[in-house]
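There are 2 protein chains.
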Amino acid sequence: MLESSPLVRAMRGDRPPVTPVWFMRQAGRSLPEYNQARGNTTMLEACLTPELAAEITLQPVRRLGVDAAVFFSDIVVPLKLAGVGVEIAPGIGPVMDQPYRTPADIDHLCRAELTDDALTPITEAVRLTVNDLGATPLLGFAGAPFTLAAYLVEGKPSKDHLAARTLMHADPDSWRRLLNWAADIAARFLTAQVQAGASAVQLFDSWVGSLSLADYAAYVAPASTRALTAVAALGVPVVHFGTNTEHLLAAMRDVLTAAGVTSPIIGVDYRTPLDAAASIVPGVPLQGNIDPAMLAAGWPALSAHVRDVLTRGRQAPAHVANLGHGVPPSTDPDVLKRVVDLIHETPND
Amino acid sequence: MLESSPLVRAMRGDRPPVTPVWFMRQAGRSLPEYNQARGNTTMLEACLTPELAAEITLQPVRRLGVDAAVFFSDIVVPLKLAGVGVEIAPGIGPVMDQPYRTPADIDHLCRAELTDDALTPITEAVRLTVNDLGATPLLGFAGAPFTLAAYLVEGKPSKDHLAARTLMHADPDSWRRLLNWAADIAARFLTAQVQAGASAVQLFDSWVGSLSLADYAAYVAPASTRALTAVAALGVPVVHFGTNTEHLLAAMRDVLTAAGVTSPIIGVDYRTPLDAAASIVPGVPLQGNIDPAMLAAGWPALSAHVRDVLTRGRQAPAHVANLGHGVPPSTDPDVLKRVVDLIHETPND
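Protein chains in written order, with the working numbering: chain A, 1 to 349; chain B, 1 to 349.
Quick caveat, the hints were computed from the structure, so don't treat them as lab data. Worth double-checking, as some hints may not be accurate.
Same chains, same names: a pair is fine if it fits in one copy or spans any two.
To be verified - Quick list of in silico lysine-lysine cross-link-like pairs, DSS-like style, CA-CA up to 27 Å: (1) Lys-80 to Lys-159; (2) Lys-159 to Lys-337; (3) Lys-80 to Lys-156.
Based on the sequences and whatever the hints tell you, model everything.
Quick look at the structure:
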């Protein structure tokens, strides 16, 4: 049933009659029912309360008619479940109890394990969600090793990830230990979601665009490959996505290939037109890449842009429509619904 | 005298015996004498006190032996001098008295003029600086129209410049009016610095990498061209720089060409190796692009990286060594000095 869903068909390289669409951050602050459901719970409490996480995951499917649910969670949730001191500060983002930069701090961190027991709130939430979703597939996700390490080394969100990028050159051994640990955490988080019922997964390397290709290849790609090798055996499609990654798209595709992922998909940031991306990673299904800034630009500009994205997406073997980055919190849900309808009304041939 | 300086020679496409080097943000928080000179003055007060701005501009030349001074100022200074309500909040950056997004607010803003009288603190500071610099050239600078508009529309620093990028599509007329106004402000600021003695200028389009090439070409390039057309007539070399701009380098070169700049230089972010940049914009002198993250990575890694940058820089007709972004505040000045010495000791052939 789920294998024949438009999402999974497109992710496996097919062109279903309707272009499937979902939105990064579709479950969250742009929906009034989300704010109501959250009430006074913190972000991490909400992620770790199975009934609530399931409800929030289902909300955009009900309201928007998207072709996939994306599991409501956060890339730092597996760190929290492994015992790392992390909170999500409203208006700021993930804040660690300390930056992890010294060999001793990294050694200590890497002794933390993500156990099956600790993952129970996740697997339970996924099961509840999948039960209610019926024919709509659930997409699981995790943060990629570099993006997790960037938060751990910086201790908080950062613009240019200077401390993380320094560490990889200043102490490559500690860096590799940290990235391998983060890779194993990401792999366990993804595996738990798939085993509980997710039909596909996305590995977010949100901040990897701050790296040169040479640094990516030497200091990051091996750990991303390690994370995805564990997931490849599960057979589900895997999307790999980052922002500012035009110069890294081919290397990210190589990570999927090296990991043995049978149905790789490259997620494309709004900056790179899909036809250009299709030339960079030929033969790979693409996901993306409506510019989130267009969501508030009025329907004439937005609808023309969506049609342009769909047209360019035809240069790829298959296309999963999405934004080129997450839904901005201020987005009008009615506009998202209208975008979904436009995509579904546009013939996919 | 200044035309034969290594900086101006390289900027004009020549290869002087020594590769000239300066650092973006070399005048500022990384130097103890800067913090001492600033005392309790605010950033904008310091920029608008000629003796202090001149002293801060000279400090890195004395300490580091760089081949250029870069005028100590801020890209929002000309906005302030035109009467726009802006402050630089410590730890945050430029904060406007309001966001400028509606047609009425933009109309009102665009009535503000940057007069010669208002520019007196700038021209006086430049004259004082040039008097003391002797054979070392002074580089003036301004923020490019998009980067100025990004601050004005957002009202504060922003990660993805969503409101600015929405406005260009939602209300292209207001956007063009805003960008043309910002272009004229930037042009007047640059012109004042050159007329007071700056030997070259840099137009910083720091945040332009958040745009796709199509948006850049349609909504930004004409205004950048307008700003530089006014400057081209002065005959000084012009560097154009932004971060995350690999996909825009050729279009930024086209702006310099369209403006009639006789000695154009492209500044390259640390992500794009200089030999790759030289292929994208052949025949143009390049500036950059030591990774600021390497400054704290230890001398073996840093010196190997600097040598690699110099080697790759030989693929361009001429090379002005610099960082690929600004000096991080935590940088050890002794490391900067060692980098300058290494660059000066490396034959430029």
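Against the structure, the hints come out as follows:
1. In this assembly of identical chains, Lys-80 and Lys-159 lie within 27 Å of each other by CA distance both inside one copy and across copies; the values are 23 Å within and 26 Å between.
2. In this assembly of identical chains, Lys-159 and Lys-337 lie within 27 Å of each other by CA distance solely across copies; the values are 26 Å between and 32 Å within a copy.
3. When the C-alpha separation of Lys-80 and Lys-156 is checked against a cutoff of 27 Å, the pair qualifies only within one copy, where the shortest distance is 14 Å, while the shortest distance between copies is 32 Å.
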